[in-house]
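Enquirer: The primary structure of each chain is shown beneath.
Protein chains: 2
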Amino acid sequence: MAAKLVYWFEEGGEEHRQILGGKGAGLAEMTRIELPVPPGFTVTTEACKVYYQSGNKLPDSLKSDIEAFIKGLEGKTGKNFGGTRNPLLVSVRSGAPVSMPGMMDTILNLGLNDQSVKGLCEATQDLRFSYDCYRRFIQMFGNVVLGIPHNEFERVLSQLKKDEGGGQDYEVSAQGLKSLVESYKGIIRDKAGIEFPHDPYEQLFMAVSAVFESWNNERAIIYRKINKIPDDLGTAVNIQTMVFGNMGPDSGTGVMFTRDPSTGERVLYGEYLINAQGEDVVAGLRTPRPISEVDEDLPGMFEQLAKVARLLEDHYKDMQDIEFTIERGKLHILQTRTGKRTAQAALEIARAMVHEGRISKETAVMRISPEEVARLLHRAVDPKVTVEALAQGLPASPGAATGKVVFHTGTAEALGEKGEKIILVRPETAPDDMPGIVHAQGILTSRGGMTCHAAIVARGMGKPAVVGCDALRIDLEGNKAVINGTELEEGDVISIDGGTGRVYLGEIPLVEPIMGESFREVLGWADELRKLGVKANADTPEDARKAREFGAEGIGLCRTEHMFMGHDRMSAVQEMILADTEEARKKALDVLLPMQEEDFYGILKAMRGYPVTIRLLDPPLHEFLPNIEELLRTLSDMRAKGAPASEISRVEELLRKARGLQEMNPMLGMRGCRLGIVYPEIYEMQARAIFQATARLIKEGIADVFPEVMIPLVGEARELEILRERVTDVAVQVQTEQQVEFPVVVGTMIEIPRACVTADEIAEHAQFFSFGTNDLTQTTFGYSRDDAEAKFLHKYLGEKVLKDNPFAVLDTKGVGKLVETAVRLGRATRPDLVIGICGEHGGEPASIEFFHQAGLDYVSCSPYRVPVARLAAAQAALRNK
Amino acid sequence: MAAKLVYWFEEGGEEHRQILGGKGAGLAEMTRIELPVPPGFTVTTEACKVYYQSGNKLPDSLKSDIEAFIKGLEGKTGKNFGGTRNPLLVSVRSGAPVSMPGMMDTILNLGLNDQSVKGLCEATQDLRFSYDCYRRFIQMFGNVVLGIPHNEFERVLSQLKKDEGGGQDYEVSAQGLKSLVESYKGIIRDKAGIEFPHDPYEQLFMAVSAVFESWNNERAIIYRKINKIPDDLGTAVNIQTMVFGNMGPDSGTGVMFTRDPSTGERVLYGEYLINAQGEDVVAGLRTPRPISEVDEDLPGMFEQLAKVARLLEDHYKDMQDIEFTIERGKLHILQTRTGKRTAQAALEIARAMVHEGRISKETAVMRISPEEVARLLHRAVDPKVTVEALAQGLPASPGAATGKVVFHTGTAEALGEKGEKIILVRPETAPDDMPGIVHAQGILTSRGGMTCHAAIVARGMGKPAVVGCDALRIDLEGNKAVINGTELEEGDVISIDGGTGRVYLGEIPLVEPIMGESFREVLGWADELRKLGVKANADTPEDARKAREFGAEGIGLCRTEHMFMGHDRMSAVQEMILADTEEARKKALDVLLPMQEEDFYGILKAMRGYPVTIRLLDPPLHEFLPNIEELLRTLSDMRAKGAPASEISRVEELLRKARGLQEMNPMLGMRGCRLGIVYPEIYEMQARAIFQATARLIKEGIADVFPEVMIPLVGEARELEILRERVTDVAVQVQTEQQVEFPVVVGTMIEIPRACVTADEIAEHAQFFSFGTNDLTQTTFGYSRDDAEAKFLHKYLGEKVLKDNPFAVLDTKGVGKLVETAVRLGRATRPDLVIGICGEHGGEPASIEFFHQAGLDYVSCSPYRVPVARLAAAQAALRNK
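If you read the sequences in order, they're chains H and R.
At position 615 of the first sequence the residue is numbered 615 (the numbering used here), and the sequence of numbers has no breaks.
At position 430 of the second sequence the residue is numbered 1311 (the numbering used here), and the sequence of numbers has no breaks.
Check before you lean on any hint, since a few could be wrong.
[Claimed, not checked] Below are the DSS-like pairs computed for lysine-lysine, each with C-alpha atoms no more than 27 angstroms apart in a straight line:
#1 R:LYS1361 with H:LYS657
#2 H:LYS800 with R:LYS1467
#3 R:LYS1676 with H:LYS657
#4 H:LYS641 with R:LYS957
#5 R:LYS1211 with R:LYS1242
#6 R:LYS944 with R:LYS957
#7 R:LYS1468 with H:LYS795
#8 H:LYS340 with H:LYS361
#9 H:LYS228 with H:LYS795
#10 H:LYS421 with H:LYS605
#11 R:LYS1676 with R:LYS1106
#12 R:LYS1676 with H:LYS586
#13 H:LYS587 with H:LYS657
#14 H:LYS586 with R:LYS1522
#15 R:LYS1412 with R:LYS1059
#16 R:LYS1698 with H:LYS813
#17 H:LYS817 with R:LYS1698
#18 H:LYS225 with H:LYS178
#19 R:LYS1467 with H:LYS795
#20 H:LYS817 with R:LYS1694
#21 R:LYS1059 with R:LYS999
#22 H:LYS587 with R:LYS1676
#23 H:LYS480 with R:LYS1538
#24 R:LYS1538 with H:LYS795
#25 R:LYS1694 with H:LYS813
#26 R:LYS930 with R:LYS885
Don't read these hints as lab results, they were simulated from the structure.
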């Protein structure tokens, strides 16, 4: 026996969403709880599949089924389909299991023809209304089913209005509408090459087929691709008795939300129009009135609506978005669905519903999207603003900023120190742009992807950034830029929105972030539910404080290289690099030691009570020197100007060294623990600075500081063994010198495939592992992040060679397998091994779920991602219970 | 009960080598087969351990044991230890389980003192001889046991000789020697602060202790480290009755080999001296005579020696190196061991012994060192040459060459084409030096390691190369170089030996390689025994022919990038890179197509009967453009000279493109299959060239050609899926166009960690895997080969952070684990998956053993390594039976 392909609304419910679609399930559910839903039935998604399997045809058996249901509907309503007396009109609406704009939506008034329109006149005693319904139906049918553009019909309507002496649609005469019906039938004949079908069943079958076809139109296919919706779900079709909001002053139509979708406040929120159909609301010719005033038009209606809202919220236990029509004083409910809301409202509603006893804390936590939380933390361009953007780049770091355009880091620093608000505009940024970035309100680059230097640094600092803005052409020498034809000079004001990637000329109104009580309370519930710890990546005391404020339970990655970048340190750092002997190197390091000690002192103090994982120097040394082309330029300038020989020789020396440090593939070169092995004195200085800061704090009575030393880029156990011994030796020296005791914790980054497969050996020397998933992704894929994004990754993502950008979402299939291997091997050696992750992925929800499943102890991410991670970790725990 | 720590020679044998040491085991074995071995006993390696466990002391129990054995020796010989009548003298020699220069070797004549020397006089009736023995013993004892430098004793001897009127040691009078004994005892007193011990047991215990101590002297420790010998083996001590070769004209001493160690010829080979002790031979004061003439001095002795040689060879089934002494006409055998031999002799002996029925083919194959075979294939500097080398670099590619110094590739090409023999001398080489390398006899670079570009290319071409020659300072602009103070100008003649790394001024006599019948036959046996197939990496028909000659069973890696480098192609290649549209790119590719077809035609033809695995284009495109600094220089030259605008703009275009192609980490950038995905037309052209060449050959009647298309750098199954489809499409097109059928085989390199862990998915689209272990090592370790070797790898190897250079010897712990994972996953999907390896490791014996264990089907290496791989594969099969 064939499966049942058509269901009465009375037969279904929310549990049949897969075959009834979202709209059908909602109608069924509302019918079940006896809300006033006009009777009807749903042709299932299974029928859609049958349609495609039958060569894009409705099989006869399906047609018979539909016919039988229409007969049933005639029985229920006492009306006649296509009849001249009391005709049955229906609406036909698509409804997939997942909400899908881009598909055919609605045909109203189906069942009208030259006969039944007369029946409608008779039943309503309203000629104008009846022919208005009829001409609207022909246009909708012509457009949706036959693909004739709307303007073909509008043109004739306009002409008619002109002929009648001008005015609005609703001022057209009944006779005019009657003639319009004839003209519209002519358009159908001309454009579609068929006669307008008068048989109501033919109309219905054509409409159902059109809904099924629209499942595979181009817009729908693209939408599914983008939103990762399977292509084989299919759509259902809902066929429902028409009710009319345009039957006079006791009729109307509207939408309502059970709570305020902007603030989450528990008030009935919505709009209505008297004597109107849904289309009229959309057309915007009349201004709808707020639902709070409905009793002025229809006394007692507010209470009816409020009752429906209460019922539906109680039933669905979530805020609902409801469509209704009032026909001659009687309320009909046409649709209900979960209401869209702002991030702020989402939090507020979730919190309120827990307090109202409607939902559990778990449900509340699951209802918030982590990315919504991220947006809450940043300023944004006021959504009411309608100024057109100059250009759009990648939304690299959320938040909006306004400031003067500056093209050079030096200028940015100078102006920034004077308190000027500036936007640093560069082709791309490099570590030596740090001072400029620090002083800028925001960053705009013409190159780079979501994980380029500017993006990572900006996210880390919670600073707005738009990167990879192709339209931007920068002339660094000329101190100007062109962006889609608009010339920008240094000092011109622009605004950027790193949440949307938009760039605006001039100052734009911004809205401030709100972190209210609901934010704190819901995230508190998340904290109770999650298993993963959440720490922050932070390099300064300010970052550390920010991280605490956002709920970080320690610092999972404190990079020390940024500490080498400051103006006051650069010359000592360069001395150290230029040193040709260990002794000269040590002398330069002695200058850096007190500065580094100060850095660690500040961070440890700001994070007291929590562990602070400090990574020893990681980047290749040439990053601390000016680049070669720049040095060559400087040198030729100096020579031309006849600079003193001693200055020239210093630059020559820098150039010689920079050339010596040059590498084919710096990413795979002399960096990380390799530096530590080859130049022991650098790591020894850093270890000493850490432990001296610790000793000082303990002596000052701040005993609850927990520094942990992290060795980067270990690929072989012996590397860690050697360096751990050296660090421990320094710790013992400091303890002896300062007469202070403190525990010494040494661990390693796991960011090289070899470290993963030899993690059992490495764990013998490590008290903790922290996955550096950025580098691990680079080496596992053999992708240089910068090169890949610029050269081929966009193509790979565009053509779906890869599903996601592995630098944004952890590649569980490849990188994830190595992570799992490392966890298994590491814990086999040391069951109490603490394992975390401190790459960019630590703040990305899908990746966080993977880390939860892999059994990690914590994730660490930039301070602004901490709330996101707290929520995502709780959701991961709930989903994987 | 304590273990037995001392053994009579009669008690042991070869099976006790671990406790008796090599020398002791040999003496025991010879005693067992009743050769004339002077009686004696061995203090075991266990005793050595007991010595160290007892705080570097001989325990009393051990002393008692030794005393008891000496008593036994007195009984066997009828002599008295330290006695005044017929005194027993012994030699004391160390002997570890593994031959170990650097340890104490020998003390002769132990047991002499002021009393027993008189007994010796009486027994030998030779005053001079007796005191000569005595003074020699004191000097040896003083030196070896007490650590007094030889020259302390030599000085007194010289003075004595002067006092006696000059002359040789053996001309010193008996009275002189008597006085020398007194002086020597004085030296002992002065320098060691003790009286020379007269108690023979005290002498013996001190000597045994000294041997045990020498196990841990610095030289021995270093030797063990270098040769990876465990530190806890310990050494044995052999104590043997003295016999004297210096007792007159019927006495003598010598060494013999059972076969000629240079050629392997089956003749008794050796030297002897009449009336001499071993030391005299070493001192080189008298010239030894060839053993073939021994009957002239001692009639009938040759037959006695030949009999011993036969017996020992029959017994050990290998060529022996034997020490003997003849005392008053009686032959004594003092030592036997496996004889060292040249590579040529090793093959000859192994082959002969199989034919003689002495050993099996398996044993013969196991006896040859694969590296010996490698050396046989190349010319070398004549070992008789005594010219001092100018400098030493790394022996990057074996073989020797002589030619004129040339610093620039252009010049090299020009001179080379004229037939001049040249040596290309560069700081390092890059792909654009290929034309110069092709035309050079050999390559010398000042930078780079064993796996730098020059080294890899040279090994591939079987061309001598010395790289990383630190002493070489090149002034490219000045067209000259300085090497350890010697200035070299272009055109000066030098010689290099890539087998030793030595660089010589001028022309040096070379010896030609010999690949005789024994080479072919023994390698034939290896072929029968091995499980692994052996293919070659070859890019040209000439290489292919060479590879066949060396026994390759196909080409495992045919790189196509070198085909893009030729003079005739460079401009088309650059056109292709400069093309901004697909159409322009296709036009340029159309020019390349017939050239590539010709390449493949030649290679497939040369390799008919065997598969040829062709890798599609792999390197980043910028490798085919001049580098940026060079372009900038050219541009400024052109502008200065007022070159035509069109020429200038072409260079500017090149510069712009080169800048656009520039990458931070080209190794991890836009290369391999990423090129193939982004620019489909490049791979399509190559596929077309391959299949057109195939079709042409088949039409010409050469049906047994087997091209296989290999996609490089796959990290995600989808990449291979896409590219395989494109290649297959082209094949089908060509088959249709040409009306020819041929099988289409497509596989992939596995050279990215992600490919290893997702090998199950990749295998769905691959007919074969070929591990690219060079890149896999780079990504697994996160090492850029060039950068690592230059910047930190030397340090890592020097300080034993890593045991081996992972680019030379496969890292089984890390890279090997990924290889095993890929094999397991790949075969799980496709049990008949063919798996090979085509990295540098394919020709390295230890790595080959790993590949055998991992279950690979074949290894592929440069043609000159093919014989090495055949042998190593057989040995791996035998060792892992």
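Enquirer: With reference to the structure, classify each hint as holding or not holding.
Expert: Going down the list of hints, with the structure as the test:
Proposed proximity of R:LYS1361 and H:LYS657 is supported: the alpha carbons are some 24 angstroms apart, at most 27 angstroms. Restraint check for H:LYS800 and R:LYS1467: satisfied, since their Cα atoms lie roughly 25 angstroms apart, inside the 27 angstroms limit. Between R:LYS1676 and H:LYS657, the direct Cα distance comes to roughly 19 angstroms. Compliance with the 27 angstroms bound is thereby established for this hinted pair. For a cut-off of 27 angstroms, the pair hint linking H:LYS641 to R:LYS957 is broken: about 97 angstroms separates their Cα positions.
For the given pair, R:LYS1211 sits about 38 angstroms from R:LYS1242 by alpha-carbon distance, which is inconsistent with the 27 angstroms threshold. Distance check on the hinted pair: R:LYS944 and R:LYS957 sit about 20 angstroms apart at the alpha-carbon level, within 27 angstroms; holds. Simply put, R:LYS1468 and H:LYS795 have alpha-carbon atoms about 23 angstroms apart, close enough for the 27 angstroms limit, and the pair holds. For the given pair, H:LYS340 sits about 20 angstroms from H:LYS361 by alpha-carbon distance, which is consistent with the 27 angstroms threshold.
In summary, the hint linking H:LYS228 to H:LYS795 is supported, as the alpha carbons are separated by about 18 angstroms, within the 27 angstroms threshold. Between the alpha carbons of H:LYS421 and H:LYS605 the distance comes to roughly 30 angstroms, so the proposed pair goes past 27 angstroms and is violated. Between R:LYS1676 and R:LYS1106 the CA atoms are separated by roughly 16 angstroms; this keeps the pair inside 27 angstroms, and the hint holds. The straight-line distance between the Cα atoms of R:LYS1676 and H:LYS586 is roughly 20 angstroms, inside the 27 angstroms bound, and the hint therefore holds.
A threshold of 27 angstroms between alpha carbons decides the hint, and for H:LYS587 with H:LYS657 the separation of about 18 angstroms falls inside it, so the pair holds. With a C-alpha separation of about 50 angstroms, the suggested pair H:LYS586 and R:LYS1522 falls outside the 27 angstroms cut-off, and the hint is violated. Straight-line distance between C-alpha atoms of R:LYS1412 and R:LYS1059 comes to about 69 angstroms, which puts the hinted pair past the 27 angstroms bound. For the hint pairing R:LYS1698 with H:LYS813, the CA-to-CA distance comes to about 18 angstroms; that is within 27 angstroms, so the pair holds.
About 14 angstroms separates the Cα atoms of H:LYS817 and R:LYS1698, which keeps this hinted pair within 27 angstroms; it holds. For the given pair, H:LYS225 sits about 44 angstroms from H:LYS178 by alpha-carbon distance, which is inconsistent with the 27 angstroms threshold. Proximity of R:LYS1467 to H:LYS795 is assessed by CA-CA distance (about 20 angstroms); at most 27 angstroms being required, the pair is judged to hold. Between the alpha carbons of H:LYS817 and R:LYS1694 the distance comes to roughly 18 angstroms, so the proposed pair stays at or under 27 angstroms and holds.
Of the supplied pair hints, the one linking R:LYS1059 and R:LYS999 holds, its CA atoms being roughly 11 angstroms apart against a limit of 27 angstroms. For the hint pairing H:LYS587 with R:LYS1676, the CA-to-CA distance comes to about 23 angstroms; that is within 27 angstroms, so the pair holds. Distance check on the hinted pair: H:LYS480 and R:LYS1538 sit about 24 angstroms apart at the alpha-carbon level, within 27 angstroms; holds. Between R:LYS1538 and H:LYS795 the CA atoms are separated by roughly 19 angstroms; this keeps the pair inside 27 angstroms, and the hint holds.
Taken as a hint, the R:LYS1694 and H:LYS813 pair is honoured in the structure, with Cα atoms around 22 angstroms apart against an allowance of 27 angstroms. Of the pairs offered as hints, the one joining R:LYS930 and R:LYS885 holds, with about 13 angstroms between alpha carbons and a cut-off of 27 angstroms not exceeded.
Violated hints, in rising order: 4, 5, 10, 14, 15, 18; the structure is consistent with all others.
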